[in-house]
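Going line by line, the protein sequences match chains L and W.
For the first sequence, counting from 1, position 254 maps to 254 in my numbering; every step adds exactly one.
My numbering runs 312 ahead of the 1-based position in the second sequence.
Be a bit skeptical, because a hint or two may be false.
Computed, partial: chain W to chain L, Cβ under 7 Å [said to hold, decoys possible]:
1) Asn314
2) Ala317
3) Ser320
4) Val324
5) Phe402
6) Ala407
7) Ala438
8) Ser501
9) Pro505
10) Ile556
11) Arg558
Hints in this document: simulated from the structure, not taken from any laboratory.
A virtual CB, placed ideally from N, CA and C, is assigned to each residue, including glycine.
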Amino acid sequence: MSIVDILDLKKVYDGGFEALKGVTLAIEEGEILALLGPNGAGKTTLISTVCGIVNPSSGSVTVGGHDIQRDFRAARAMIGLVPQEIHLEPFETVWNTVRYSRGLFGLPRDDAHIETVLRQLSLWDKRKSKTMELSGGMKRRVLIAKALSHEPRVLFLDEPTAGVDVELRKDMWNVVADLKASGVTIILTTHYIEEAEAIADRVGVIAKGELLLLEEKAALMARMGKKTLDIELTAPVVELPAVLAGYDLDLISDGQTLRYSYDTKGDRTGITKLLADLAAAGLQMRDLLTRQSSLEEIFVDLVSETDQEDAA
Amino acid sequence: MNLQAVKSIYMVEMARFFRTLAQSFISPVISTSLYFVVFGTAIGSRIDQVEGISYGAFIVPGLIMLTVMTQGISNASFGIYFPKFIGTIFELLSAPVNFLEIVIGFAGAAATKAMFIGLVILATSALFVDITIMHPFAMLAFLVLTCVSFALFGFIIGIWAKNFEQLQLIPLLVVTPLVFLGGSFYSISMLPPIWQTISFFNPVVYLISGFRWSFFGTSDVPIGLSLLAIAGFTALCLGIVWWIFRTGWRIRS
Chain L
1 MSIVDILDLK KVYDGGFEAL KGVTLAIEEG EILALLGPNG AGKTTLISTV
51 CGIVNPSSGS VTVGGHDIQR DFRAARAMIG LVPQEIHLEP FETVWNTVRY
101 SRGLFGLPRD DAHIETVLRQ LSLWDKRKSK TMELSGGMKR RVLIAKALSH
151 EPRVLFLDEP TAGVDVELRK DMWNVVADLK ASGVTIILTT HYIEEAEAIA
201 DRVGVIAKGE LLLLEEKAAL MARMGKKTLD IELTAPVVEL PAVLAGYDLD
251 LISDGQTLRY SYDTKGDRTG ITKLLADLAA AGLQMRDLLT RQSSLEEIFV
301 DLVSETDQED AA
Chain W
313 MNLQAVKSIY MVEMARFFRT LAQSFISPVI STSLYFVVFG TAIGSRIDQV
363 EGISYGAFIV PGLIMLTVMT QGISNASFGI YFPKFIGTIF ELLSAPVNFL
413 EIVIGFAGAA ATKAMFIGLV ILATSALFVD ITIMHPFAML AFLVLTCVSF
463 ALFGFIIGIW AKNFEQLQLI PLLVVTPLVF LGGSFYSISM LPPIWQTISF
513 FNPVVYLISG FRWSFFGTSD VPIGLSLLAI AGFTALCLGI VWWIFRTGWR
563 IRS
């Protein structure tokens, strides 16, 4: 059952810029959905609209069955938002600002819950510090703590690990995994394909205000995943023997290596026959290496395809 | 009604006030004392009684109004402008709160601060001159209404302002002149007839006159008109605030 339902959502800003061109997206309860897309693709506008910061031009959004405009209280009460930019009241202490967020969402004071959140994010020692005294990574943790203070069922993380060091990124992935385990639905936008690959269940790709693709991460990688087989030769060849002309082969490393591209979803990969033909052509192999294309390559392919379509 | 949210906003705004308590508390005491030294003692000793009241006592209501109006505006306008400026407004916009709750939180805190400072000035004045308040309940009612309406007005300015310069513009260019020319330090009846007529177009005249009436029982305009003026101003500000949140003007794109 989907917890967030976005139907033909459009947003045209006052200046005439069309940030969302009819996005339809159903987010399943308990999943981690990664939204990938280049800068200006509409990721932040999409999130901001669901959270109530941007008014939609048309279309509808429901969260937990509650319309975000007609029934905004019930819808927003379910949502936690960690914005991309670090926006914090500089003179407030960590403790106060996190407690404030809980109150703003209409929940009674619960110091034990806030302590749990702060400890989980390694902020407990900093609870009495003013937010302006914290490092950038710590400030981002405070933003997450604020979003978690009111026990959201749906958490939006807008570029949560942009400009964050490796250690903190791993910490955040752990927090995200814990939240998922407790049943929270998580939607994150990211530039880091590695992040989507590491933690997402499903991946959506947004470019120019449109959702180009939405698929299970594993299925996506299997469907679009091409594999390459690098065959390192004992001696370089200048050109391919005629017997190998029928294969999708490239000569790389000055003829030292043959790169064979094949599709994993095909019934036959053609590897056995290729290796036999290689031996028949008198080429000796020193080493073999297979490689599967990453989400990043899939993503770049997809986005550059739309660019080409636009140009055509 | 999300009362918890109203309370949270109100408490955070009040905490800002208490963080700068010295500034919030001491500066009005000092400036009031200076007014009394200059107007009450130095100049006031050469001025006859105004409408049967010693000049020192006469200026007390005007002085309170002057401070309450400017403080109400500056507290509320800064209170809502600051989250806009630093970006924390996103949290208010994405929280399950409606416009009324946000306004009550911000304007309520600003009005409370203004009220507090008004009472501090009243207490400070009592050290310099004898003050009798003929209609204490009316006095409090006027004070509360003025604090609330000018806090609402300040809230609107804070939403409207796109930078710190604009934030200061209306208080400096519109409100301060209107308050000074609204009879804070003189009775409208002391002016030449043409200026008296012009003065009646100044809404602040009605507020100060009504407030002064609650102290001394005399006023430049009928008390009913004063009440109508302050109620009308409050209603107008509430209407504008309601429209702002309905349309998302300057806060929600």
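Hints, one by one, checked against the model:
A cut of 7 Å between beta carbons decides the hint on W/Asn314: the least distance to chain L is about 4 Å, and the hint holds. Because the closest C-beta pair between W/Ala317 and chain L is about 5 Å apart, less than 7 Å, the hint holds. Interface restraint check: W/Ser320 against chain L, minimum CB-CB distance 3 Å, threshold 7 Å, status holds. For W/Val324, the interface hint holds, the least distance from its beta-carbon to any beta-carbon of chain L being 5 Å, beneath 7 Å.
The criterion of a C-beta within 7 Å of any C-beta in chain L is met by W/Phe402, whose closest approach is roughly 6 Å, and the hint holds. Checking W/Ala407 against chain L: minimum C-beta separation of about 4 Å stays under 7 Å; hint holds. Because the closest C-beta pair between W/Ala438 and chain L is about 34 Å apart, greater than 7 Å, the hint is violated. Hint status for W/Ser501: violated, given a least beta-carbon distance of 48 Å to chain L, over 7 Å.
Proximity of W/Pro505 to chain L is violated relative to the hint, the smallest CB-CB distance being about 50 Å (cut-off 7 Å). A cut of 7 Å between beta carbons decides the hint on W/Ile556: the least distance to chain L is about 13 Å, and the hint is violated. For W/Arg558, the interface hint is violated, the least distance from its beta-carbon to any beta-carbon of chain L being 11 Å, above 7 Å.
Hint check: violations occur at hints 7, 8, 9, 10, 11; the rest are consistent with the structure.
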